[in-house]
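First residue of the sequence shown: 153, per the numbering used here; consecutive thereafter.
Misleading hints may appear alongside valid ones.
[Stated by the list, open to error] Keeping only pairs whose Cα atoms sit at most 30 Å apart, straight-line, the calculated BS3-like set for lysine-lysine is:
no., residue 1, residue 2
1, K304, K249
2, K217, K249
3, K319, K304
Don't read these hints as lab results, they were simulated from the structure.
The structure presented is a predicted model; accordingly, all values stated were derived computationally and were not measured.
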Amino acid sequence: MWLRRLELSDLRSYEQVTLDLDEGVSVLVGPNGQGKTNLLEAIYRAATGGSHRVAGDGPLVRAGKDIGVIRCELSTDEGRRRTIELEVGSGRRTRTKVDGQDVRRSADALGVLRVVMFAPEDVAIVRGDPGERRRFLDDLLAQRRPAFAAAKHDHDRALRQRNQLLKQARGLRGEARDAAAATLDVWTEQLVRHGAQIIAARVAAIRTLAGPVDRFYRDLADRPERIHLIYRSSAGDVVGHLPEDEQEGLADPVPDTAPIMASLREAFAEHREDELARGQTLVGPHRDDLELSIGTLLARGYSSHGEAWSLALALKLATFEVLAQVGDRPIVLLDDVFAELDRSRRERLAAACDRFDQTLVTAAVEEDVPLEGARVDVRIEDGVTQLAPRGQAGAA
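Make a model of the complete structure from these sequences and hints.
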């Protein structure tokens with residue numbers, strides 16, 4: 153896949169800008185705070201349906217404006233020209249067009265533009281709370297299989313309804329409590345059905361990621377330790393964990409949902425009284441975690457700064473291979489990555505970039521990026537970010 157053109161209007165620090173891009177490497181160069189990351193954020197928003205920095209669309213719109221526009225023109229691996237256009241703003245439904253036609257839901261545009269992005273905040277995948285790792289898996293799955301986003305939406309809607317009912321039931325007694333419990337069973341069954349689909353998809357993603365993550369980590373870190381990925385479910389060991397050497401090359405890495413559903417039902421029954429007492433759902437994919445280990449040690453608690461960076465970057469780079477297995481090969485976005493790496497790791501990352509069709513890199517110091525490709529100067533003038541393409545440049 154190749155992003156040919158990016159057009160922004162009233163988005164972040166951009167009033168009106170057009171950026172034409174070639175295949176290969178493009179490096180966006182400029183001092184910090186000039187708007188380099190805003191370009192990558194816009195591309196990521198168009199591809200995945202959300203920003204990697206903020207929860208809603210309000211902050212994406214330029215100060216004083218109501219609506220911001222993102223428009224991308226791209227070529228698929230087969231050479232088909234496509235477009236995706238979004239109108240975003242706070243307190244309003246996003247208007248999305250694909251190939252010039254309005255789509256009913258933003259989720260219907262997922263998969264048109266495919267990206268892999270690494271930003272400094274992604275180190276939280278390794279060192280942060282379980283929600284960071286769940287989000288990593290779910291963002292990957294939404295791009296790989298757009299139908300996953302619909303299943304996740306249905307699960308989250310049922311979860312909200314069930315939690316609301318649990319809170320109400322805490323103050324009920326007698327027949328009213330019995331009636332609430334009967335309604336609770338309906339929402340529980342929906343969570344079982346949708347939750348099993350989500351867990352099965354996540355486990356399949358982990359099984360597919362395991363080999364590439366291990367290879368990328370050892371290439372980047374130049375270390376012998378193996379990387380282990382294990383899915384920890386709030387419903388217990390519902391799917392089992394395959395030894396790493398057996399994960400890669402599975403004919404069908406997707407586990408059967410029937411035993412997962414059975415384990416979820418058993419866990420819900422076991423925690424029922426506790427859930428009624430606490431007024432919240434304690435079982436399901438929203439409580440699960442992806443356990444990451446470097447050798448025999450958990451990465452979250454024991455990784456050094458360099459190890460955490462290398463593992464987080466390896467996780468993101470491995471998603472390229474997972475996405476490329478189904479559909480178009482994604483674009484790779486690297487936000488201020490090279491500045492955090494020593495010379496040896498920079499050279500290893502640069503070598504890894506050779507396998508990508510298109511890579512967009514941001515850097516405050518051009519010499520930090522040992523990649524050949526086009527350079528684009530990014531500067532703020534009179535409060536608005538301006539772009540000045542400079543053509544090709546050699547590796548530093």
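If you check each hint against the structure, which ones fail?
Going through the list in order, the structure violates no hint and respects every one.
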